[in-house]
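**Q** Each chain is listed here by its residues.
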Amino acid sequence: MNRTRAALENVVIIAIVLVLVQTFLEDLAVLANWTWDVRRVLMFTGFAFDIFFSIEFLSRLYVAFINRRTGVYFWYERGWIDLLASVPLLLLSSGPAVMAYWSGSATVVGFAGILNVLKVVKAIRIARILRLLRVLKIFARIRNTDSVMAQRHVAKISTISVAVVVVAVLLLTVVFGFANVPSLETDYQTRTLEILDRIEAAGSDASELETITSFEDSIVLVQRGGTTLFSRYTNEVLAHSFGPADYGFGERGTLRVFFDLRPVNQEQSSTNLMYFGVIVLVVVAYMVLYSPHFALTVSDPIHIMSRGMNEKGYNLEVKVPPLYKTDEVYKLSGLYNEVYLPLKDRTSGSDDTDVLDLKLDDIKDILNE
Amino acid sequence: MSGEQEKASAFVSRLLANPALAPLTPLQREEQIIQFLHANAAQLAPTLGSQAFFPGKSWNQIVALLYHALIGIVDQQLRPDLKSVITGVQFGFVNFLRQQSAGSEKVRLQIEQFLLGLLSQMGARRSFTGAFAALRYGIVDKYINAIWTRKSYTHFELTKVQRLKLSKDDIKAMIEATLLLMPVVHVAGAGTNGQGEQVTGTVQAQFADKVFQAAKKQLIVLPDQVLKSGVNANVSYLENRFIEATARLSAVFAARCRNYQPNVRVDRGADSPDKSWLSIARRNYKFYGFDIKILDELYSIAAENGW
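Each protein sequence line maps, in turn, to chains P and D.
Per the numbering used here, the very first residue in the first sequence carries number 1; after that it's consecutive.
Per the numbering used here, the very first residue in the second sequence carries number 1; after that it's consecutive.
Check each hint, because a few of them may be wrong.
As the list claims (entries may be wrong) - What the simulated footprint calls covered on chain P by chain D, stretch by stretch (three residues with Cβ under 8 Å from a Cβ of chain D suffice, anywhere in the stretch; the number is not a length):
hint, region
1, 229-237
2, 336-347
Claimed, not checked - Think about it this way: if two alpha-carbon atoms lie no more than 35 Å apart in a straight line, the pair counts; the simulated DSBU-like pairs of lysine-lysine are:
hint, chain 1, residue 1, chain 2, residue 2
3, D, K7, D, K165
4, P, K312, D, K165
5, P, K325, D, K57
6, D, K165, P, K359
7, P, K364, D, K293
8, P, K331, D, K142
9, D, K142, P, K364
10, D, K142, P, K312
11, P, K325, D, K293
12, D, K142, D, K165
It should be emphasised that the hints constitute simulated quantities derived from the structure, not laboratory data.
Cβ coordinates follow ideal geometry from the N, Cα and C atoms, glycine included.
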């Protein structure tokens, strides 16, 4: 049972590492204009991972529930991170993206025009940041120090930091969205509506349409009554380079204009990569810089004092760094060095068992012969 | 050898072969096994009193058998070690102190015979454990070199107060000789062996005088300064402020090495073994009768060198 559990935990660790790579590559692919074929593979991979982690969360929740420790799992064993980094992503990010692919973008986002396209893009964008919480899942499984206490404290502080960053970004994005704070999306929306008006006003004037399309790079395709009036790319290029989320359209009567959303997506991917980098660096910094500091200034002195109190032959003093000598731990270490150890030394003089390298367990074989 | 003795020897040999005891000197190993038997008497007594080991024997009889076997085996390991340690001491300084040639070999032989005689007593073996370990691990060498570099309190005490007009190597040899002579308090003819011995292992100054007189008869080639140093290494400095610096230093070295383990793994965040021991000894100097200033200097040396 334990072996199966360990194997499953290892699978989860591998999956977390892979999903972090996938998250990074998915944004890099948008930023670097990788072909839709590659991005489609990454999109489906992300969807598969979201299903996997949703199942993982539900399984853990179920096991916790039948063991009557749902609260412990959810609040103290990072169940809430498991939740935020799984189900919402499936429902708000990869799920809608895959649905859009299967259904065709026009049917999903087209009925409400460009405004809804941008809102969906924004919703997906907000949800994607939850993926970064998975950095914490892998961090929780890395034993960066021998001390359980050090590990718990460092995990706690990194969880707080990363969760605060993620939640702050989420909330601020929502607040800014409701407050109609000018953004790339609102600019884009205003501009595309203007373009739509101009094209509509141009009517059947081909030269005017040519002028507009030559100045507005965001126009991909213009159709009226089912007839294509303008196409910036060949069908091959459109099939090769554009995914469902890469374009949106606006319509006025029989006029339909398709716009290139890739610059908006690239801007978002760039921001995502920046968040990703910040969070990974924050977590790594806690592991590499704070964890040893915590071990050195808190758990190591306690470990030494604990050994000194439990083992009769262990009489090493705690090294007290002058810089931290006023810390409570080192004040206690001072007492241990100056009072406890000398007292222990004096009393062990009359004790026959003061330093024993030999234990009864060492000769079990002799006694059992 | 009787069947019981064979069984006792086999049992003790298995205990001595434990890897945890490998880095220790024979006397340290012996002490560990004695402590082990004492500490685990309740668990060992039923098993060792069973048919498979020593049926019908009381625990005291079993312990006596085991001790006998233990001393026999340890002596086999100790004798060559002791000979090699004594051979390593350069007794040339004895000629200088006596102002006549006694012959280093003669001094070596006399000390060896004297020690082998003394070490038949359990008390002498215990009080020699630390001194022997200090000699085996070369602790004198490293600290004397540092003391000579610093030329501070201990150097002054050795060369000016004790007035040893000897080279560094000769003083080193004299300290080594002092360590060899530390179990002298168990010499026959000084009254009850270990008389006046206190919890700390020190003896009273008056008893030390008796010891000196008795030992002098047996160690005729040794100059009084050396023998006195060996005897006084067992006397508290708080009781006699005129104890030789060599004796004070030897007392510290022997105490340090009683439970000394070479190449001990130091936990992260812990002080080094010598520094820790000396720091504790500084706080307990009155209890053990050490010279606090010597401890201070040795502590600084250990701190500077990461010992």
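**Q** For every hint, state whether the structure bears it out.
**A** Structure-based check of each hint:
no.: 1; hint: 229-237; in the structure: violated (count 0)
no.: 2; hint: 336-347; in the structure: holds (count 6)
no.: 3; hint: K7(D) with K165(D); in the structure: violated, 55 Å
no.: 4; hint: K312(P) with K165(D); in the structure: violated, 43 Å
no.: 5; hint: K325(P) with K57(D); in the structure: violated, 58 Å
no.: 6; hint: K165(D) with K359(P); in the structure: violated, 49 Å
no.: 7; hint: K364(P) with K293(D); in the structure: violated, 47 Å
no.: 8; hint: K331(P) with K142(D); in the structure: holds, 33 Å
no.: 9; hint: K142(D) with K364(P); in the structure: violated, 40 Å
no.: 10; hint: K142(D) with K312(P); in the structure: holds, 28 Å
no.: 11; hint: K325(P) with K293(D); in the structure: holds, 25 Å
no.: 12; hint: K142(D) with K165(D); in the structure: holds, 21 Å
Going through the hint list in order, the structure does not satisfy hints 1, 3, 4, 5, 6, 7 and 9.
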